[in-house]
Every structure is written in C-alpha cells, then in structure tokens.
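S.K.: Take a look at the letters that make up each chain.
There are 6 protein chains.
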Amino acid sequence: MDKKAVDKHSGADFPIGKLTILLAVLQEHEWRKAIEQQLTEGGYRFTIGRVGAMDLIKVVAAIETAAKNNQIIDGESYREVHAIYHAIIEAIQSVGRGVVQFGDILRTVGLTFSIVRGKMSGAVNHEGEWIGVCVYGTIGAPKKGFEHEAIGFGFNHI
Amino acid sequence: MDKKAVDKHSGADFPIGKLTILLAVLQEHEWRKAIEQQLTEGGYRFTIGRVGAMDLIKVVAAIETAAKNNQIIDGESYREVHAIYHAIIEAIQSVGRGVVQFGDILRTVGLTFSIVRGKMSGAVNHEGEWIGVCVYGTIGAPKKGFEHEAIGFGFNHI
Amino acid sequence: MDKKAVDKHSGADFPIGKLTILLAVLQEHEWRKAIEQQLTEGGYRFTIGRVGAMDLIKVVAAIETAAKNNQIIDGESYREVHAIYHAIIEAIQSVGRGVVQFGDILRTVGLTFSIVRGKMSGAVNHEGEWIGVCVYGTIGAPKKGFEHEAIGFGFNHI
Amino acid sequence: MDKKAVDKHSGADFPIGKLTILLAVLQEHEWRKAIEQQLTEGGYRFTIGRVGAMDLIKVVAAIETAAKNNQIIDGESYREVHAIYHAIIEAIQSVGRGVVQFGDILRTVGLTFSIVRGKMSGAVNHEGEWIGVCVYGTIGAPKKGFEHEAIGFGFNHI
Amino acid sequence: MDKKAVDKHSGADFPIGKLTILLAVLQEHEWRKAIEQQLTEGGYRFTIGRVGAMDLIKVVAAIETAAKNNQIIDGESYREVHAIYHAIIEAIQSVGRGVVQFGDILRTVGLTFSIVRGKMSGAVNHEGEWIGVCVYGTIGAPKKGFEHEAIGFGFNHI
Amino acid sequence: MDKKAVDKHSGADFPIGKLTILLAVLQEHEWRKAIEQQLTEGGYRFTIGRVGAMDLIKVVAAIETAAKNNQIIDGESYREVHAIYHAIIEAIQSVGRGVVQFGDILRTVGLTFSIVRGKMSGAVNHEGEWIGVCVYGTIGAPKKGFEHEAIGFGFNHI
Numbered sequence: 001m002d003k004k005a006v007d008k009h010s011g012a013d014f015p016i017g018k019l020t021i022l023l024a025v026l027q028e029h030e031w032r033k034a035i036e037q038q039l040t041e042g043g044y045r046f047t048i049g050r051v052g053a054m055d056l057i058k059v060v061a062a063i064e065t066a067a068k069n070n071q072i073i074d075g076e077s078y079r080e081v082h083a084i085y086h087a088i089i090e091a092i093q094s095v096g097r098g099v100v101q102f103g104d105i106l107r108t109v110g111l112t113f114s115i116v117r118g119k120m121s122g123a124v125n126h127e128g129e130w131i132g133v134c135v136y137g138t139i140g141a142p143k144k145g146f147e148h149e150a151i152g153f154g155f156n157h158i
Numbered sequence: 001m002d003k004k005a006v007d008k009h010s011g012a013d014f015p016i017g018k019l020t021i022l023l024a025v026l027q028e029h030e031w032r033k034a035i036e037q038q039l040t041e042g043g044y045r046f047t048i049g050r051v052g053a054m055d056l057i058k059v060v061a062a063i064e065t066a067a068k069n070n071q072i073i074d075g076e077s078y079r080e081v082h083a084i085y086h087a088i089i090e091a092i093q094s095v096g097r098g099v100v101q102f103g104d105i106l107r108t109v110g111l112t113f114s115i116v117r118g119k120m121s122g123a124v125n126h127e128g129e130w131i132g133v134c135v136y137g138t139i140g141a142p143k144k145g146f147e148h149e150a151i152g153f154g155f156n157h158i
Numbered sequence: 001m002d003k004k005a006v007d008k009h010s011g012a013d014f015p016i017g018k019l020t021i022l023l024a025v026l027q028e029h030e031w032r033k034a035i036e037q038q039l040t041e042g043g044y045r046f047t048i049g050r051v052g053a054m055d056l057i058k059v060v061a062a063i064e065t066a067a068k069n070n071q072i073i074d075g076e077s078y079r080e081v082h083a084i085y086h087a088i089i090e091a092i093q094s095v096g097r098g099v100v101q102f103g104d105i106l107r108t109v110g111l112t113f114s115i116v117r118g119k120m121s122g123a124v125n126h127e128g129e130w131i132g133v134c135v136y137g138t139i140g141a142p143k144k145g146f147e148h149e150a151i152g153f154g155f156n157h158i
Numbered sequence: 001m002d003k004k005a006v007d008k009h010s011g012a013d014f015p016i017g018k019l020t021i022l023l024a025v026l027q028e029h030e031w032r033k034a035i036e037q038q039l040t041e042g043g044y045r046f047t048i049g050r051v052g053a054m055d056l057i058k059v060v061a062a063i064e065t066a067a068k069n070n071q072i073i074d075g076e077s078y079r080e081v082h083a084i085y086h087a088i089i090e091a092i093q094s095v096g097r098g099v100v101q102f103g104d105i106l107r108t109v110g111l112t113f114s115i116v117r118g119k120m121s122g123a124v125n126h127e128g129e130w131i132g133v134c135v136y137g138t139i140g141a142p143k144k145g146f147e148h149e150a151i152g153f154g155f156n157h158i
Numbered sequence: 001m002d003k004k005a006v007d008k009h010s011g012a013d014f015p016i017g018k019l020t021i022l023l024a025v026l027q028e029h030e031w032r033k034a035i036e037q038q039l040t041e042g043g044y045r046f047t048i049g050r051v052g053a054m055d056l057i058k059v060v061a062a063i064e065t066a067a068k069n070n071q072i073i074d075g076e077s078y079r080e081v082h083a084i085y086h087a088i089i090e091a092i093q094s095v096g097r098g099v100v101q102f103g104d105i106l107r108t109v110g111l112t113f114s115i116v117r118g119k120m121s122g123a124v125n126h127e128g129e130w131i132g133v134c135v136y137g138t139i140g141a142p143k144k145g146f147e148h149e150a151i152g153f154g155f156n157h158i
Numbered sequence: 001m002d003k004k005a006v007d008k009h010s011g012a013d014f015p016i017g018k019l020t021i022l023l024a025v026l027q028e029h030e031w032r033k034a035i036e037q038q039l040t041e042g043g044y045r046f047t048i049g050r051v052g053a054m055d056l057i058k059v060v061a062a063i064e065t066a067a068k069n070n071q072i073i074d075g076e077s078y079r080e081v082h083a084i085y086h087a088i089i090e091a092i093q094s095v096g097r098g099v100v101q102f103g104d105i106l107r108t109v110g111l112t113f114s115i116v117r118g119k120m121s122g123a124v125n126h127e128g129e130w131i132g133v134c135v136y137g138t139i140g141a142p143k144k145g146f147e148h149e150a151i152g153f154g155f156n157h158i
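So the protein sequences, as listed, match chains A, B, C, D, E and F.
Position one of the first sequence corresponds to residue 1 (my numbering), numbered consecutively onward.
Position one of the second sequence corresponds to residue 1 (my numbering), numbered consecutively onward.
Position one of the third sequence corresponds to residue 1 (my numbering), numbered consecutively onward.
Position one of the fourth sequence corresponds to residue 1 (my numbering), numbered consecutively onward.
Position one of the fifth sequence corresponds to residue 1 (my numbering), numbered consecutively onward.
Position one of the sixth sequence corresponds to residue 1 (my numbering), numbered consecutively onward.
Because the hints were derived from the structure by calculation, they are not lab data.
There's no promise every hint is true.
[Unchecked claim] Derived CB-CB ranges, DEER-like:
{"id": "1", "chain 1": "C", "residue 1": "69", "chain 2": "A", "residue 2": "53", "range": "26 to 32 Å"}
{"id": "2", "chain 1": "E", "residue 1": "28", "chain 2": "C", "residue 2": "110", "range": "42 to 48 Å"}
{"id": "3", "chain 1": "B", "residue 1": "144", "chain 2": "D", "residue 2": "58", "range": "36 to 42 Å"}
{"id": "4", "chain 1": "F", "residue 1": "69", "chain 2": "E", "residue 2": "30", "range": "44 to 50 Å"}
{"id": "5", "chain 1": "D", "residue 1": "52", "chain 2": "E", "residue 2": "27", "range": "50 to 56 Å"}
{"id": "6", "chain 1": "B", "residue 1": "57", "chain 2": "F", "residue 2": "41", "range": "48 to 54 Å"}
{"id": "7", "chain 1": "E", "residue 1": "42", "chain 2": "A", "residue 2": "52", "range": "40 to 46 Å"}
{"id": "8", "chain 1": "D", "residue 1": "28", "chain 2": "A", "residue 2": "50", "range": "55 to 61 Å"}
[As the list claims (entries may be wrong)] Below, simulated EDC-like cross-link-like pairs (lysine to aspartate or glutamate); rule was C-alpha separation at most 16 Å, straight line:
{"id": "9", "chain 1": "E", "residue 1": "33", "chain 2": "E", "residue 2": "55"}
{"id": "10", "chain 1": "E", "residue 1": "143", "chain 2": "A", "residue 2": "76"}
{"id": "11", "chain 1": "B", "residue 1": "143", "chain 2": "F", "residue 2": "30"}
{"id": "12", "chain 1": "B", "residue 1": "144", "chain 2": "A", "residue 2": "41"}
{"id": "13", "chain 1": "F", "residue 1": "143", "chain 2": "D", "residue 2": "129"}
{"id": "14", "chain 1": "C", "residue 1": "143", "chain 2": "E", "residue 2": "13"}
{"id": "15", "chain 1": "C", "residue 1": "143", "chain 2": "E", "residue 2": "76"}
[What the hints assert, rightly or not] Derived list of chain F stretches under chain E, where covered just means 3 residues or more per stretch with a C-beta under 8 Å from a C-beta of chain E:
{"id": "16", "region": "18-30"}
{"id": "17", "region": "60-72"}
In this text, a Cβ means the ideal position worked out from N, Cα and C, and glycines have one as well.
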C-alpha cells in the first residue's frame, strides 16, 4: 500500500490518541497497515502486545516491559517509567469502569495493548512528547462465550 | 462502495464492541462507511451524536435521548432505559479513569458518542440482544490546545 | 399460615426489593414464612444461602452457584449470568461502603445472601423480569465481638 | 398488640443493625410496631424520616437534622456529629453502589431513613453506644415507574 | 532542650493533626524532640513505627498492633479498635490517592507511621479524645530510585 | 537565621516531598524559615497560598493560578499544566480519603496549599524536574469547632 493509497483511505491524519486506540482495536485487520504507516511517517515510537490475564500486576508488568524492550521508553529513567506507569493505570481503570477493584474475579482470554509515543498535534506549541496506552479485549468469566469487550485508554506527558 | 469493496477492506466481521468503538472514533473518516455498512447488513440498530459539555447530566441525557429518538431503545420500557443507563454510566466511568468525580472541573470541546444494539456474535447460543455505548473526545481545561483524547465504552444486555 | 393470616400480617404486598432484603435479614425469624409465602404466591423464584468469608471471589462464586443450582438463572445463558453478576457486584459494593477494596482485611463470621427473580410491580407495563441480590451479615476483624452488621443490595433486569 | 404477641412474632431479639434496617424498610407495615416496641424496651433512641431528593447535601442535612431534633445525638457535641456524619456517608455510599458520584443524575420519589442509637448486644463487654443509619427508597429517572429499590446502611461508635 | 527553648521554637502549640503529621514526617530530624515534648506535655499518648511493605493487611495490622502494644488504644475494646481501624483506612486511602486498589503493584522500601491520641484543642467544649494516624514514606516500583514520597492522614473520635 | 543555624536545626536535607509537606503544615511557625532557606538554596521554585472553600473547581483553580502567577509553571505549556493538574487532583483525592465525591457537603475555613518544583534527590540520575502539591487544612461542617485537620499530597514529573 503506497503513500497515495493511504492518503485516499485516511483522508486526514489521526491524532495520537486515535492512532493508539486503532492500533489496539484493529489488530490483524487490513486497516492496521495504514495506521502503522501513519505512525512511522509521523515519527512515533509504537508497539503492540498481548497479555493473557486480567491480573493487575501482570498486565502492568507486561505493558511496561514491552515499552522498555521496544525502546518506547528508557527503562533507566524514573521520569519515563513514572509517566507510562500512570498512563497504564489510567487505561486499566478505564477498562474496569468503576469495578476494577474486582479484578480478582474477572478473567480474560486475551487483552491486546498498544503503546504510542510522540508529538500531540493539537497541543499548544507542539511542545514535547506524550505517551498513550490502549488496552482492548474481552472481560468476563473464565468460560468461553461468557465475556464481552472492553477498552481502556490512558495518556500522559513524557 | 459495494459489498465486495467492504469485504476487501474489512477482511473479517468486527464484533459489536469494535463496531461501536470504531463508529465513535472514525467519525468523518472514510472507513466509517464500511463500519456503517457492516452494521446495517448485520441487522444492528445504531446512531452517533455529539454533546458539547462534560456535564454528567447532559451527557447522560444526550445519549439517552439520541437512543430513544433513533429507535435504538424503546423509551417506554424501563428495562431498556435501565440497560442503556448502566451502559452509559460505564462508558462515562471509563472516560473518567478514576477521576470522573471531578467532572465539574473537566471541560470538553466535543464528545462524540455511538450507540449500537444487536446480537453479540461471540456469546453462547447467540441469544438475545446487547447494547454498546462508546464516548470519544477530548477532555481538558476550557482552553484550546489544553486538552487530550479520552475514550470510554460501556456494554449491557438488553 | 393461610392466605388470610398473611394478609393480616403484611397488610399490603411488598415490592421485589423489600422481599429480597427481608429474606436475607429475617433469616430464621418467624416473619420469614410470610415473606416466603408472598414470594411463592407472587410467582417469584428465590433462594437463600450462606458464605463464610468476605473473599470477593468466593462470595461472587457462592451466590452465582446458588442461583444456578436453584434454577434462579439459567447458567447456560450469558445474558442471565451477566445480569446476576452485575447485581452481585452492586450488592458487594453496597456492603463495602466505599472501602470494598480493602476486602482483604475484612473478615466475617457469616454472610447471608438472598436471590429473588420475578416481576417488578411498580415498573411501567409490568414488563419482563428482574433480579435482586441481598447480602447481610457482620463484617470486622477475625475476632468474636469485633465486628458489626452490614447490608448490600443489587438489582438488575434479566 | 401486646407484649406477648410481640414475643410470639419476633421470637428472638434483633441486633441493632437489623432493627435499623427493618425500621426503614417496614415503614407503615404492621410489623413495624413490634420493631418499635423492641427498640423502646431495649432502651434505644430512634427516629424515622423521609427526604424527597437524592441531592447529597439535602439527604445528609435531613438525616442530621432529624437526629438532632429527636435527641438521637447532641448537636452541640462535635464527637456525636462526627460519628453520625460518617454513618450517613457510609449509608449513602452503600445506596450508591459505586456510582454515588453520579448522584446528580439520580432522582428519587421518596427516600425513607431510620436512625437508631444504643447498645450493640454482640460487642465485647457491651461497652458504650453505637449509631446506625439506614436509607431505603427508590432510585431512578425522574419519571414514575422508571426507578427501582435501593438500600444503604452505615454504622459507627458514638 | 528545655521548655523555654521549645516555646521559642514552636511559638504556638500545634493542633493534634499537625503533631501526628510532623511526628511521621520529621522522623530522626532534631525538630522531632520538640514535637515529642509538646505531645508529652499535652498529655497525648503517641508512638511511631515502621512497616516495610505496602501490603494492605500488613500495614493495617502493623499500625493496629503498635497502637495496642504502646497502650494508645485498649485492644479489648471494640469501640477503640473500630475507631483506629477507620483512621488507618482513611490514612491508607489518602496515601493511595485514588489508586489504592492497585496496592498489589506498589512497593515501598519504608513506610513510617505515627499514632497520636488525645484532646482536640479546637473542638467545641474540648470534649473527649480523638485519634490521628499518619503514614509517610516512598511508594513506587520495587527498584531503588524508582519511587517517590506519599503521605496519608486519618482521624477519628475515640 | 544564617546557614549554620539552619544546619543545626535541619541536620540533614529534606527531600522535595517533605519540603512541600512542611511548607504547607508549618505555615507561620518559625521552622518555616529553615524550610524556605533550604528550598532557596536547593534551587527549588515554590509558593504557598490559601483558599477558603472546599469547592473542587475553586481549589484546583486557586492552586493552578498560584503556580502560574509565581512562575512555578509555564501557563502557556500544556505539558506543565497537565503535570500540575494531576498533582493537584492527587492531593485533593488524598485529602478526601475516599469520600472526596462528597465535596459538596464539606466546608472548610481555610485550606493552605504549597507548590514546590525542582530536583528529586533520590531519583536515578537526578534527571529532570518534579512538582509536588500539598494541601493542609480543616474540613468539616460550616460551623466553628465542627471540623478537623486533613492533608493531601500529590506528585508528578514535569
């Protein structure tokens, strides 16, 4: 898919939050190529990953590790770890919709997360970088067909 | 865009949650046509709307009214009103990421919401209907450029 | 106790929520017979049970299992499982009074729960069925005499 | 209804929490007489009242005022005001089931509250007094038939 | 440091809350002597302690045990245990700043707590005693340098 | 008070969080001079202020305005506004101890806040700047003597 085709599809550029959300939601869908192309051309650092449990410690650790291993953040900088940590917590609280404290009783067969770091086009002066974390998947009882979709998104300056 | 073109674009069918999320996120983007086509062909009832304030009463009222006016729910049935009410609350709690109680101090220049009602393909026995509500927009101080994106999604049986 | 006696005692019929609450609170008290009679005559499905720990997973599992084993809900229907799940979560959040997240440090020597399913007399058009879950018991430190009473009630359409 | 009849009905004494809950729930039901008799004989101070709105300030104020006017608490003692304040907040959080922050969008056509102060029979050494607050009523949209029951209970040492 | 020196340093007496906060925050700092002197002269009962984990059960148990062992409260009185329990919960919720439910993923290398019991000078009629609990320390990832300070304070009548 | 006197008083340097907390708590106490001297010598930017209401919008606005007017943050930078906003929200949630949503019913006769920006000595590589916000005051009913102390602290990278 060349640049022209992408333009034709996307019309206008997506802001960083939409790019993060679409990266997590589209997964293996064909449209994801256009999202990744826009991310690459826009100079964003990004990655996607999966985590198989709703255990809060594991979800946070999996996202944080993916961010470090893919050079989205500098794992030796507490500022960057602090920034992504709060973005992850926001995303998980968003997924939990007020009952996140019951995480123990929720199971999931597959949570996909995306992490995107870069400029926020709409911000004043286009200053500095921001980081977005999106978590999408199904939440429910540990039984096939007894779960439904949920999404969470967190955002922070970095 | 004919059926074939949609197939080429979408590859596989999206589940009801993704359709709801993409409807709110894509907005005027060209891809929305494919989403609407899939919704129509899948027998879903759906609508999108906008609300200009983060005032909780107004957001809930705007979404509920849109659902009634577009025949997504039967406004004379308390069961249906109860079902969408909890889906809306979930979506707003999800947008708020744990600080929704500070709604008073958050402003927004535009919140887009989508409502989708229909079958959940993944559920056991494909029984009954479900309703999804997605809210997407920017949240922040009442000053241009001092806001960032947020998304919330709620889901319920109806 | 015949119909007349019940009438004399109850004066008027209780709505579904009161029936659920009284079933959990009255326990072995003589008045419970009148409540059960009213539930039976009103065509409600109901059960009561006990769970000995404030461990959230166990409380949810115990109530859900009791609902399935007593044919209050159809365990093969995700819609019904989803409906009771949210009613249970509401009841537990209600018991927790804002500190439910500290469930780990709360112990209980006996939590009684009731589940009632049926018509809601006050609802418009008397349409469809609803499910109520009430949890009543003592919460406190794991030491006799260092606990006090608490109650929670959740309600949903089914 | 004489003492004997009460004994026959109640069988055993209810603890302070049950008395508070039953006082709010039974309302005009005949059984309430037996509850009030047990409260009087047990040396409890108690009252019931009603408040027509879910506005948090008004609910708290109505309960606090009723407690003062009926000599349940000494309005000139900050300790007693502090004790009932936290019991009221617990009761309201319990009613709200995790969404109390949306109080603005909830309406009610009638909330009944009960306040009971006295000994807790189960506590070690039967020392000191405790206060219970129960709130029972219907919560929902401001439209007849579009609401359902809810209950909350708070408890504190005084 | 004699009484005069303290007066010169402190100027005016601190209220009970400030004394509790300063006791936890100052730790080994020289000023602590003046705080302890003021506490002793004011007839307060107090203690400080440390707990090495953010595990909620352990933090609550450590503070409660310290209060009993140092005769701040009477461990045989449920009223006193109930009073300090709620003060501890308030302090921990305050430390958690809305994400306390994620306690599982927070680690700490050292949490200092203080407990102070005595008169509240500002209260009407100077009646009865109150108890303050302050928790101060660093919260973060289990890695040196990846944590920052946090403080929590709870208060109750006793 | 010369450098030597400060050393004698403070013994060791306080970290940024303690400085922020002590600035808000000490207020007009003589020790504050030593805190301000340490802040100045450490190259911190700081300010203190007061706000007379527990109205959330006004508290957030007062702290944010003070930060801008005293050049603690650059009001034209969304990153800096975003950083202090989350620190303020954390401080207020910390003050509220789980009942901040009832802000409407809480009154205060005086909330003192401090804002400190600068290096965090304990962080890895001593990189970048951080911002701390502390809120200290009395919370209670709008009646003299019917309130008690509370404190909240928020912290963020900037």
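S.K.: Against this structure, judge whether each hint is valid.
M.R.: The hints, checked one at a time:
1. Distance hint for residue 69 (chain C) and residue 53 (chain A): a CB-CB separation of about 28 Å, consistent with the stated range 26 to 32 Å.
2. The beta-carbon spacing between residue 28 (chain E) and residue 110 (chain C), approximately 47 Å, falls within the hinted interval of 42 to 48 Å.
3. Residue 144 (chain B) and residue 58 (chain D) have their C-beta atoms about 38 Å apart, which keeps the hinted 36 to 42 Å range intact.
4. Checked against the hint of 44 to 50 Å, the C-beta distance between residue 69 (chain F) and residue 30 (chain E) comes to roughly 35 Å, which is inconsistent with it.
5. A C-beta distance of roughly 52 Å is found between residue 52 (chain D) and residue 27 (chain E), which places it inside the suggested range of 50 to 56 Å.
6. Range check, residue 57 (chain B) to residue 41 (chain F): Cβ separation about 51 Å, and the 48 to 54 Å hint holds.
7. Evaluation of the 40 to 46 Å hint for residue 42 (chain E) and residue 52 (chain A) yields a failure: the beta carbon distance comes to about 57 Å.
8. A hinted range of 55 to 61 Å for the beta carbons of residue 28 (chain D) and residue 50 (chain A) is consistent with their spacing of about 58 Å.
9. Distance check on the hinted pair: residue 33 (chain E) and residue 55 (chain E) sit about 31 Å apart at the alpha-carbon level, beyond 16 Å; violated.
10. Of the supplied pair hints, the one linking residue 143 (chain E) and residue 76 (chain A) holds, its CA atoms being roughly 11 Å apart against a limit of 16 Å.
11. Between residue 143 (chain B) and residue 30 (chain F) the alpha-carbon distance is near 41 Å, which puts this suggested pair outside the 16 Å criterion.
12. For the suggested pair residue 144 (chain B) and residue 41 (chain A), the alpha carbons sit about 26 Å apart, so the restraint of at most 16 Å is broken.
13. Annotation: proposed proximity of residue 143 (chain F) to residue 129 (chain D) is violated, straight-line Cα distance about 25 Å (limit 16 Å).
14. This hinted pair does not check out: residue 143 (chain C) and residue 13 (chain E) have alpha carbons roughly 39 Å apart, beyond 16 Å.
15. Of the pairs offered as hints, the one joining residue 143 (chain C) and residue 76 (chain E) holds, with about 11 Å between alpha carbons and a cut-off of 16 Å not exceeded.
16. Counting residues of the region 18-30 of chain F whose CB lies closer than 8 Å to any CB of chain E gives 7, which reaches the minimum of 3, so the coverage claim holds.
17. By the rule of at least three residues with a Cβ nearer than 8 Å to a Cβ of chain E, the coverage given for the region 60-72 of chain F is violated, with 0 such residues.
Of the numbered hints stated above, those contradicted by the structure are hints 4, 7, 9, 11, 12, 13, 14, 17, listed in ascending order.
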